Amino acid sequence: EAGVAQSPRYKIIEKRQSVAFWCNPISGHATLYWYQQILGQGPKLLIQFQNNGVVDDSQLPKDRFSAERLKGVDSTLKIQPAKLEDSAVYLCASSLETGGYTFGSGTRLTVV
Amino acid sequence: AQSVTQLDSQVPVFEEAPVELRCNYSSSVSVYLFWYVQYPNQGLQLLLKYLSGSTLVKGINGFEAEFNKSQTSFHLRKPSVHISDTAEYFCAVSDRDDYKLSFGAGTTVTVRA
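The listed protein sequences derive, respectively, from chains A and B.
Counting the first sequence from 1 gives a position; my numbering is that position plus 156.
Counting the second sequence from 1 gives a position; my numbering is that position plus 57.
In short, the hints are calculated from the structure, not lab data.
Predicted model, so just to flag it, every value in this text is computed and none were measured.
Treat the hints with care, since some could be wrong.
Which stretches of chain A does chain B cover? Using the computed rule of at least three CB atoms under 8 Å from a CB of chain B, they are [stated by the list, open to error]:
| # | segment |
| --- | --- |
| 1 | 194 to 200 |
| 2 | 232 to 240 |
Not everything, but these chain B residues come out facing chain A in the computed CB check (under 8 Å) [unchecked claim]:
| # | residue |
| --- | --- |
| 3 | 82 |
| 4 | 96 |
| 5 | 97 |
| 6 | 99 |
| 7 | 101 |
| 8 | 105 |
| 9 | 157 |
| 10 | 158 |
| 11 | 161 |
| 12 | 162 |
| 13 | 163 |
So these bits of chain A aren't anywhere near chain B, every CB distance computed over 12 Å [to be verified]:
| # | residue |
| --- | --- |
| 14 | 159 |
| 15 | 174 |
| 16 | 212 |
Think of the CB as a built atom: it goes at the ideal place given N, C-alpha and C, for glycine as much as any other residue.
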């Protein structure tokens with residue numbers, strides 16, 4: 157079974173630039189999550205999708221972050237404009253049912 | 058949302074010695090409990106999970122954890138560690154009705170020969 161695919165693996169941008177991350181979940185997984193993991197901290201949920209609808213985006217900084225999941229499969233997370241404090245690893249996960257989370261390898265973003 | 062406290066930020070341990078990583082969570086309502094491991098520059102890998110049933114849960118790589126409802130704890134143990142167990146370990150909790158994971162800050166385990 158293929159895992160959760162994320163790209164790119166690494167990204168370095170200057171502050172105020174924009175960036176986008178892509179995630180392809182495990183086939184058939186209806187639920188998709190984006191987490192932000194700042195160095196030295198545990199992952200924090202940014203947004204949860206169920207199919208192509210948003211279930212929870214209460215922790216997403218909507219003034220600069222946006223996410224979509226077209227057709228209930230792939231998802232993109234965008235930051236515009238980026239700030240220094242956005243430097244983190246962005247993890248995508250998908251699940252079929254509770255306890256069945258699978259995480260991708262993440263995208264490491266450095267904002268300089 | 059749940060709050061998760063991992064009581065040790067760093068745990069140095071010698072090879073073949075036992076290790077225990079402590080985790081406490083905030084709520085006494087019904088929860089699901091998880092331990093994940095993260096190796097350098099990799100994603101999170103599930104070690105074990107507690108959904109229901111026996112409070113002693115066995116996972117991969119010789120790890121086990123015990124759910125203690127009265128103490129709201131889910132401590133992770135391994136009787137004999139290897140160099141390859143050097144990694145970051147995260148405890149996570151979700152409510153049974155929303156499945157969203159709340160993570161602790163992590164415990165860095167460094168195994169020395």
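The hints, checked one at a time:
Given a C-beta distance limit of less than 8 Å, the hint that chain B covers the segment 194 to 200 of chain A holds, as 5 residues qualify and 3 suffice. Look at the segment 232 to 240 of chain A against chain B: 0 of its residues bring a Cβ nearer than 8 Å to a Cβ of that chain, fewer than three, so the hint is violated. With 8 Å as the threshold, the beta carbon of residue 82/B stays out of range of chain A, its nearest partner Cβ sitting at about 12 Å, so the hint is violated. At about 10 Å, the closest approach between the beta carbon of residue 96/B and any beta carbon in chain A exceeds 8 Å, and the interface hint on this residue is violated.
The interface hint given for residue 97/B is broken, as the beta carbon of that residue sits about 11 Å from the closest beta carbon of chain A, more than 8 Å. Because the smallest distance between the Cβ of residue 99/B and any Cβ of chain A comes to about 6 Å, under 8 Å, the interface hint for this residue holds. Taking 8 Å as the C-beta contact cut-off toward chain A, the hint placing residue 101/B at the interface holds, the least distance being around 4 Å. With a cut of 8 Å, the hint placing residue 105/B at the interface with chain A is violated, because the nearest CB-to-CB distance is about 10 Å.
Interface restraint check: residue 157/B against chain A, minimum CB-CB distance 6 Å, threshold 8 Å, status holds. Taking 8 Å as the C-beta cut-off, the interface hint given for residue 158/B holds, the closest approach to chain A being about 7 Å. Hint status for residue 161/B relative to chain A: holds, with the closest Cβ pair at about 5 Å, below 8 Å. With a least beta-carbon distance of about 5 Å to chain A, the hint placing residue 162/B at the interface is held under the 8 Å criterion.
Interface restraint check: residue 163/B against chain A, minimum CB-CB distance 5 Å, threshold 8 Å, status holds. A beta-carbon of chain B comes within 12 Å of the beta-carbon of residue 159/A; the shortest separation is about 8 Å. Annotated as non-interface, residue 174/A keeps its C-beta farther than 12 Å from every C-beta of chain B; the closest such distance is 24 Å. A Cβ of chain B approaches the Cβ of residue 212/A within 12 Å, the least distance being about 6 Å, so the stated non-interface status is violated.
The structure is inconsistent with the numbered hints 2, 3, 4, 5, 8, 14, 16, although it conforms to all the rest.
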